[in-house]
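Peer 1: Could you build the full structure based on these sequences and the hints that come with them?
If you want the building blocks of each chain, they are given just below.
Number of protein chains: 2
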Amino acid sequence: MTLKKINLAEKLAQFDSHWDPHVVADYNGNDVMVVKFTGEFPFHHHPETDDFFLILDGEVTIDGEAGDHVTLGPGELCIVPRGMTHRPRAVREAKVLLIEPKGVPNTGDPATAAAKPRL
Amino acid sequence: MTLKKINLAEKLAQFDSHWDPHVVADYNGNDVMVVKFTGEFPFHHHPETDDFFLILDGEVTIDGEAGDHVTLGPGELCIVPRGMTHRPRAVREAKVLLIEPKGVPNTGDPATAAAKPRL
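Sequences listed follow chains A and B, in order.
Going by the numbering used here, the residue at position 115 of the first sequence is 115; the numbering climbs one at a time, nothing skipped.
Going by the numbering used here, the residue at position 110 of the second sequence is 1110; the numbering climbs one at a time, nothing skipped.
To be clear, the hints were calculated from the coordinates, so they are not data collected in a lab.
Warning: the hint list may mix true and false statements.
[Unchecked claim] No farther apart than 27 Å at their CA atoms in a straight line, the calculated lysine-lysine pairs in the DSSO-like style are these:
1) A/K4 to B/K1004
2) A/K11 to B/K1095
3) A/K5 to B/K1095
4) B/K1005 to A/K11
5) A/K5 to A/K102
6) B/K1116 to A/K116
7) B/K1095 to B/K1005
8) A/K11 to B/K1116
9) B/K1011 to A/K116
10) B/K1005 to B/K1116
11) A/K95 to B/K1095
12) B/K1005 to A/K102
13) A/K95 to B/K1004
Peer 2: This is how it looks when you write it as structure tokens:
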């Protein structure tokens, strides 16, 4: 067993794509990921897991289906409760730390989910 | 269900104690916590869980038992594998995001564990 330092900015510098989470670490069967957001993601939900968003850079709005929303900046997090339909969006590129159990499709649907490559 | 914004700096401003994690959110049965470190924590291990550290402010060193260590700054994380004996330390006050399953003693021992109050 070894102790490993993971620098999130260095990981984010390794890709340019948006809505394309990259795995940087494992925590108890969860993927710890970095991702870049620009524009609007589709509304979706995860029936069996909460969804963890921590903003690292930029500004992200998460919309709920009922017209509610939160707008988050760096150092702010939102955990979307399991089953809640939501949509992240960002006017300009934002950088985000995501945590989801391994195997969870980021769109809520395996047919449209990102591959989640490992950095 | 509601979307809630959690500002980590605002949460950290609500207490001054060290080695005293405060719960700010829940993620799938895990406590998401903020904590301030100064000085040395005891060496300990968690037999059944990985230990998630993300540095928000300051500098933290995590020592392994074999003399290995990592030194982490803001935006850097380390996930200590389950079962690995380790000790966090900080020369000056550092602010950290921790994630651990609910009920896990921060010292590895319920007799000496912090209470983990909720903010």
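Peer 1: Look at each hint and say if it fits the structure.
Peer 2: Verification of the hints:
no., hint, verdict
1, A/K4 to B/K1004, "violated, 32 Å"
2, A/K11 to B/K1095, "holds, 22 Å"
3, A/K5 to B/K1095, "holds, 17 Å"
4, B/K1005 to A/K11, "holds, 25 Å"
5, A/K5 to A/K102, "holds, 21 Å"
6, B/K1116 to A/K116, "violated, 33 Å"
7, B/K1095 to B/K1005, "holds, 19 Å"
8, A/K11 to B/K1116, "violated, 31 Å"
9, B/K1011 to A/K116, "violated, 31 Å"
10, B/K1005 to B/K1116, "holds, 20 Å"
11, A/K95 to B/K1095, "holds, 20 Å"
12, B/K1005 to A/K102, "holds, 25 Å"
13, A/K95 to B/K1004, "holds, 19 Å"
Checked against the numbered hints given earlier, this structure breaks hints 1, 6, 8, 9; the rest are met.
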